Amino acid sequence: MSAPNPTAERDVILKTVGITKRFGAVVALRGIDMELHRGEVLGLVGDNGAGKSTFVKILTGYHPPDSGKIYLEGKEVAFNSVSDARRRGIETVYQDLALIPQLTVAQNLFLNRELTSLGKIGWLSNRKMRRLAREYLQGIKVNVPDIDAEAESLSGGQRQAIAVARATRQNAKILLLDEPLAAMGARESALIVDLVKDLAQNRGMSMIVIDHNYAHLFELCDRVNIIQQGRVAYDRSVNDTSLEDLTELMISEYRRQLLEGQSQLDK
Amino acid sequence: MSTFIRSAIQRREATVVAVTLGVVIYFGIASSAFFTTANIVTIAQYIASITIIGAGEVLILVLAEIDLSAGQVYLTSPWFMYLLWRAGLPLGWAIALSLFFCIIIGLINGVVTVWLNVPSLIVTLGMTYALFGLVLVESNAIQVNTPGATGLFGWAFGIGSWSTILWALGILIIGWIILKRTRFGLHITATGGNLIGAAEAGVPVRRIKVYCFMLISLAAGFIGILDAIRIQSMNPGNSGLDIVLPGIVAAVVGGTALTGGRGTIVGTAIGAIFLGVLEDGFNLIGVSANWFYLAEGVVILIAMVANTQLTSLAARLRR
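Top to bottom, those sequences are chains E and B.
For the first sequence, the numbering used here assigns the number 337 to the initial residue and increments by one for each residue that follows.
For the second sequence, the numbering used here assigns the number 1300 to the initial residue and increments by one for each residue that follows.
Calculated directly from the structure, the hints in this document are not laboratory data.
Since we're looking at a predicted model, the values are computed, not measured.
Quick reminder that beta carbons are idealized off the backbone N, C-alpha and C, glycines included.
Where hints are given, some of them may not hold.
Here are the in silico distance ranges between beta carbons for each label pair [as the list claims (entries may be wrong)]: (1) E:Y407 x B:S1611: 49 to 57 Å; (2) E:L468 x B:A1386: 53 to 61 Å; (3) E:P481 x B:S1611: 48 to 56 Å; (4) B:A1594 x E:I483: 44 to 52 Å; (5) B:R1506 x E:R467: 52 to 60 Å.
Using the sequences provided together with the hints, build the complete structure.
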C-alpha cells in the first residue's frame, strides 16, 4: 500500500469556514478555516489558550460556533449536542478517561451499545459480544492478552487502543484524539501509532490529533495545522516541514506575544 | 502454589467464605445446639433482612454512594401498612401502597443526591431521622401489634418459618441477575467505576443512580413488612441504623468496595451469614451481654483485615 499523499486533491470529509467563538470579552476563535481529507491524520497544535480545544469542542458538538460553517462530506451541518455529532460519525477519544477499569475489554468495547435479548430486561448477550469483540480487535490488529481481562489490568497503550477501537467500531467517520500518546513509553506509543496509521490507510478513517508534543505529531500525522490567536496560522504536510521549523514558529510567536504584552504594559 | 488455591484466592468472595467456615466450625464444636434445625432457622431469619438490605447496598456501593436510610425504610414501611389498614384499606392494598411509598422515599433520596448534589450519606441520614420522627409522631411512640398474622396470607408473608428466608433468597437471586446479567447492572458498574467515562459513553448515569435508590427502598420496605408480620409487633423506638449498618458491613466484609465499581451479591449473602453465625454463636456459648459487642467488633475487624490482606495478595498473584 502506498503512503497517502496529503497534498493531492482528495475528497474533503470535513471542512470549516470562518468559525468564530467568543466567551464574554474573550475572543477564542477568529475564523478557523480547516480541511480534513478522507483517510488523513491531521495534527492540531497550539499553545494553551490558542483556541484549539475550543475548536475541537465545536467539532464534537459541545459548543455551538458564533459564526462560520461546518461541512461534513460536502453538506453543511450544525451539531446540537455531543450525541448529535456522534450520530453523524464524529467520535472523540479522551485521554485515558474513557474506559471503565472494572469492566472487561469486551464490556468496554460494547459499553452503552450492548447486544441484549429479552427486550426491556436487557439480558446481556455476552457470548456474542465477546466473539464480535475478539473478531474486531483481530481485524484492526490490536492484541490484548484476554478479551475478559479487566481494563485495569491492561497497560496504558492497550487501554488507549481499546478506547480507539470502541470509537471506531461502529459508524465513525472522523476520530478526534486528545493527546493519544501522553505518558506512554516507546513500545506503547508504537502500538497506537500503528493502530492510527492502519485505521487511516486501510479503513479510510479520518483523524484529528491534538497534541503538545511535536515529535508525536510527526509520528502520527500526515499534515499539521498550527493554531495561533484563534486562527490557523500554518498549514503544512509533515513531509514539507521539520521539528525544528515547528519549534521555531512556536517560539517566535511566543516572543511576539511577549513583546506585544510588554508594549501594552508600556502604554 | 497450586492452581486451585491460586484461583480460590483470586475470587472476591474467597476470604469471607474461609472466615465464615471458620466460625461455623468453631461454634459447631463449641455448642451442641448449633447444628439443630431450630437454630439454623433462627440464624436464617436473622440474616434475611441483613442480606436483602446488604444486597441493595451492593448496588448503591458499586455506584460509589451509600444509603443509610434503608434500615429506617425497613422499619417504616410496616407502619405505612398499619396506618393504611387502620384507615380501612384491605391489607393487600395497604401493603402495595406502602411499598409504593417506599419507592417514593428512594426517589427522593436519589433525586436530592443526584440533581441537588448533596452527598448521599447526608441525604439518607436526613431521611432516616425524618422517617424515625414521622413514625414517632404518628404512633405517639406507642408499640402496636402488626395486622395480618393469620391464615395462608400471614404464613406466606412472614409467619411460616421459612417464608422470609425464601423471599429473601428470591430477592437475592434477582439482585444477582440484575448486577451480573443485565445491561442495567453493567451500567451500574460502569457508573460507579468511572462516572465521567460512563457519561461520555452515553450511559444515563443520573437515572441509574436514582433507580438504584428506588430499588433498595423497595426491597428494604418489603422485607420490613415480612419481618413485622413475623415478629407480630412494631416498636416505634427501634433505630433503622441498627438494621442498615450490619447490611453495609455484610456487603463490605463480603468483598464490596466502598470506593465504587466493585460489588458482589453472593459475597454479601456470605457476609450476612458470617454476622448471623457470630451473633447466634456468641449467644449459644453464653458470652455475657457485656462482652458481646466487644467480641463482635473485634471479630469483624479481624475478618476485614484478613480480607484486605488477601485481596492485595490476589492482586499480586494476578500480575
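Hints, verified against the model:
E:Y407 and B:S1611 have their C-beta atoms about 55 Å apart, which keeps the hinted 49 to 57 Å range intact. Restraint check, E:L468 to B:A1386: a C-beta distance of roughly 56 Å satisfies the suggested window 53 to 61 Å. E:P481 and B:S1611 have their C-beta atoms about 21 Å apart, which leaves the hinted 48 to 56 Å range violated. B:A1594 and E:I483 have their C-beta atoms about 47 Å apart, which keeps the hinted 44 to 52 Å range intact.
For the pair B:R1506 and E:R467, the supplied restraint of 52 to 60 Å is violated, since their beta-carbon distance comes to about 30 Å.
In this structure, the earlier hints numbered 3, 5 are contradicted, and the remaining ones agree with it.
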